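Visitor: Listed below, chain by chain, are the residues.
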Amino acid sequence: MGERIATRDAYGDALLELGKKRKEVVVLDADLSGSTKTAKFAKVFPERFFNIGISEQDLIGTAGGLSLAGKLPFASTFAVFETGRAWEQIRQTISYSSLNVKLVATHSGITVAEDGASHQAIEDIALMRVLPNMTVIVSADGIETKQVIAAIADFYGPVYVRLGRSKVPVVMPDDYKFTIGKAHKFHIGKDANIIAAGIMVSVSLDAMELLKKEGIDAGVINMPTVKPLDNDAVIEAARASGLIVTAEEHSVIGGLGGAVCEFLAENYPVPVKRIGIKDTFGCSGPSDELMKLYGLTAEDIVRTVKQGLKR
Amino acid sequence: MSQVSASKDIAFLKEQAKAVRIEILKMLAEAGSGHTGGSLSAADIATALYFSKMRHNPKDPAWEERDRFILSKGHAAPLLYAVLALSGYFDKSLLNTLRKIGSPLQGHPCSKLLPGVEISTGSLGQGLSIANGIAMGLKMDGMNSRVYCILGDGETQEGQVWEAAMTAAHYRLDNVCAIIDNNGLQIDGHCCDVMALEPIAEKWSAFGWHVIDIDGHDMKAILGALDEAEGIKGKPAMIVARTVKGKGVSFFEGKVQYHGMAPTSEELERALKELE
Numbered sequence: 001m002g003e004r005i006a007t008r009d010a011y012g013d014a015l016l017e018l019g020k021k022r023k024e025v026v027v028l029d030a031d032l033s034g035s036t037k038t039a040k041f042a043k044v045f046p047e048r049f050f051n052i053g054i055s056e057q058d059l060i061g062t063a064g065g066l067s068l069a070g071k072l073p074f075a076s077t078f079a080v081f082e083t084g085r086a087w088e089q090i091r092q093t094i095s096y097s098s099l100n101v102k103l104v105a106t107h108s109g110i111t112v113a114e115d116g117a118s119h120q121a122i123e124d125i126a127l128m129r130v131l132p133n134m135t136v137i138v139s140a141d142g143i144e145t146k147q148v149i150a151a152i153a154d155f156y157g158p159v160y161v162r163l164g165r166s167k168v169p170v171v172m173p174d175d176y177k178f179t180i181g182k183a184h185k186f187h188i189g190k191d192a193n194i195i196a197a198g199i200m201v202s203v204s205l206d207a208m209e210l211l212k213k214e215g216i217d218a219g220v221i222n223m224p225t226v227k228p229l230d231n232d233a234v235i236e237a238a239r240a241s242g243l244i245v246t247a248e249e250h251s252v253i254g255g256l257g258g259a260v261c262e263f264l265a266e267n268y269p270v271p272v273k274r275i276g277i278k279d280t281f282g283c284s285g286p287s288d289e290l291m292k293l294y295g296l297t298a299e300d301i302v303r304t305v306k307q308g309l310k311r
Numbered sequence: 001m002s003q004v005s006a007s008k009d010i011a012f013l014k015e016q017a018k019a020v021r022i023e024i025l026k027m028l029a030e031a032g033s034g035h036t037g038g039s040l041s042a043a044d045i046a047t048a049l050y051f052s053k054m055r056h057n058p059k060d061p062a063w064e065e066r067d068r069f070i071l072s073k074g075h076a077a078p079l080l081y082a083v084l085a086l087s088g089y090f091d092k093s094l095l096n097t098l099r100k101i102g103s104p105l106q107g108h109p110c111s112k113l114l115p116g117v118e119i120s121t122g123s124l125g126q127g128l129s130i131a132n133g134i135a136m137g138l139k140m141d142g143m144n145s146r147v148y149c150i151l152g153d154g155e156t157q158e159g160q161v162w163e164a165a166m167t168a169a170h171y172r173l174d175n176v177c178a179i180i181d182n183n184g185l186q187i188d189g190h191c192c193d194v195m196a197l198e199p200i201a202e203k204w205s206a207f208g209w210h211v212i213d214i215d216g217h218d219m220k221a222i223l224g225a226l227d228e229a230e231g232i233k234g235k236p237a238m239i240v241a242r243t244v245k246g247k248g249v250s251f252f253e254g255k256v257q258y259h260g261m262a263p264t265s266e267e268l269e270r271a272l273k274e275l276e
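Chains as they are written, first to last, in this note's numbering: chain A, 1 to 311; chain B, 1 to 276.
Same shape as in the complex, but just chain B:
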């Protein structure tokens, strides 16, 4: 059984994350629209998952023993497409078709069109419920596979997230590991101004989760948190990853307007120079 996993060193993963960011920027610039900020902010986490932590097989996307990944914040589709392409699920050239008619790379992920996408997402707040359901099914079958779910911080304003938080704790779904991409920004501004989220860690903790608070761009911390989460028994794990929106490109970082804006060709050129 071939699988991508196995532990890779930090330097390799950092390089990989850079490659992921480059693909994100290139495909968004080509598409002319899409979500830059939240794709870049979660890039290190997704890289750690796809190139180190998760057991998966790009040659057999439906491999029964795979770990599952649910991108609840579906607008970060470019990030998912980048890690899937670089993992070998499909040819990188397909990334140029993002958001175009006939493309399997829809504006938000569609599981019917693209192998490697477990479920269609895009309407916020639904991913964790789905992750829970998969986790329940895996447990019933005695499978050791784990379910990873990335949520946006603004997304946790949806009530369904807290319904799912209760369900995961109630059914002791220790095969669920959720990660909040806590970049502090949402479309209308800072999360704390739109609808306050803090204290995030305490809230999840109060809901019965094992909470791990990390710097979401520190690769070593990400891997450590994912390992810690795997060791927790009897409760689900939440990694609160403190991130920077637009991370990796200085002029995108922390800027709310790049939530839903693609780089222009001039911006792409400058961004690639910074990254390369």
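Looking at chain A on its own, in the form it has when it is part of the complex:
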């Protein structure tokens, strides 16, 4: 787990690879191609790259039009602008007509850090999850990101992919094969199971090790597809342990925690604790300090599991 890669960097590489294989791939950005890493694609395939400028609503509509003309558009910008500024365009044009547009957003979550609340998307999963026809994917690391980009290119329909800015530990095995709608079970615990997504997967794995030292058998499940959720994996985790903890770098409202709670409440009610941003905006500061401030560290997860087990 020594290597650290930003998922946006893996995206830039994956997009370039995909562009070489599939000539129908087109990429759109809204003046952030250096940050979203779509610039890598733009440099090699300038005729298939469209910078739409600082206009996210037009970005989405144009991507929709390109898909209607038979192209495979990847539209990228920061998560907060993609899902927020252009939410209604995504709803009306992309989701309602179920267009084959891939919305791959970077700079999600509070780890955007110093830029502060205006740039920290902590509602994007909720905003995308509520849209019919939309598949919602949160990538945990560089390995998973490359797999995700390849998988969604082969899948027809609208997809939202959530990526981050900062370098994160590589946690997925080299031979990992991502499948839309499938969770990756690192370990199923007998005492508790942590269902995590995105950068919280590596934090959860740290928590699992800490808990093990205290004799608590906690499992970790990476749930990259928040919609459709891997219901079987959630049930298995609930059956095995009776306590579920969800962990995400997102509001506790409407994201992975919300999805897991909705499913379990109706199908297999067990106690659930949600780790995430507690219905508040973020603030400026260094990434790691923000993770502490908002309760997103391995120690926070350990404490939450123990509270859940009343130990």
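In short, the hints are calculated from the structure, not lab data.
If you're wondering where the values come from, they're calculated on a predicted model, not measured in any experiment.
Glycine included, every Cβ here is placed at the ideal spot set by N, Cα and C.
Nothing false has been slipped in among the hints.
Derived Cβ-Cβ restraints for the label pairs, each shown as a range:
| # | chain 1 | residue 1 | chain 2 | residue 2 | range |
| --- | --- | --- | --- | --- | --- |
| 1 | A | Gly84 | B | Arg55 | 34 to 44 Å |
| 2 | A | Glu114 | B | Lys59 | 54 to 64 Å |
| 3 | B | Ile10 | A | Gly157 | 43 to 53 Å |
Got chain A; can you put chain B on it based on the hints?
Guide: For chain B alone, coordinates are given in the frame of chain A:
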């Protein structure tokens, strides 16, 4: 390859436009709700497109070489349904199902349900971006097809329209022809009172478009403008079509209340008498 196109004479198109208006009024009266004024105001333009200008094939709605039509002002759905039905995309009897449960004729156009509808619209300001995207894709593939997009004048109050205006000019999308149905009215009243739009032609011109200003009910002028637009290279074309809301039915003309109101059965009878 069969296609509807070929040049038809003005008299034929005028008759066709009348038939389109009749279908619009009949389906709206049957539905009991919907947008009368803005469907009638753009009827001549849509008729010129579907029965003369555009290359399309009602028997093969997905024909690759077709010209595309995007109704950005989606509330004029009855107009789109009328020209599609009269072109032969589906049986005219389907028009009676407008706005009813189970009908492919939704209150605003839904591309998933009705062949011939390129994309679902209804939320204003989005059509031109979509038209641009299609136009980019067509150019990449070396296709000669053109993309036509009708916008409402009030609709251009949406910021996205101007984002799209920039994009079309920036990418020199000369296969895009937008048409503003400039009837001067929106739900809350005259556009100039709600949110001033003028000078419309100068604005589009300043955004890098070739602008053609016409009387949107003069069939000869409409055809001339569409031909002129096709000849423009290196920039998109905008036809500012000055129209009358509710055009064709004297007691609907210029009346803001008929933006979103369907004719009663008595009004339908009077309207049909006027038209026939």
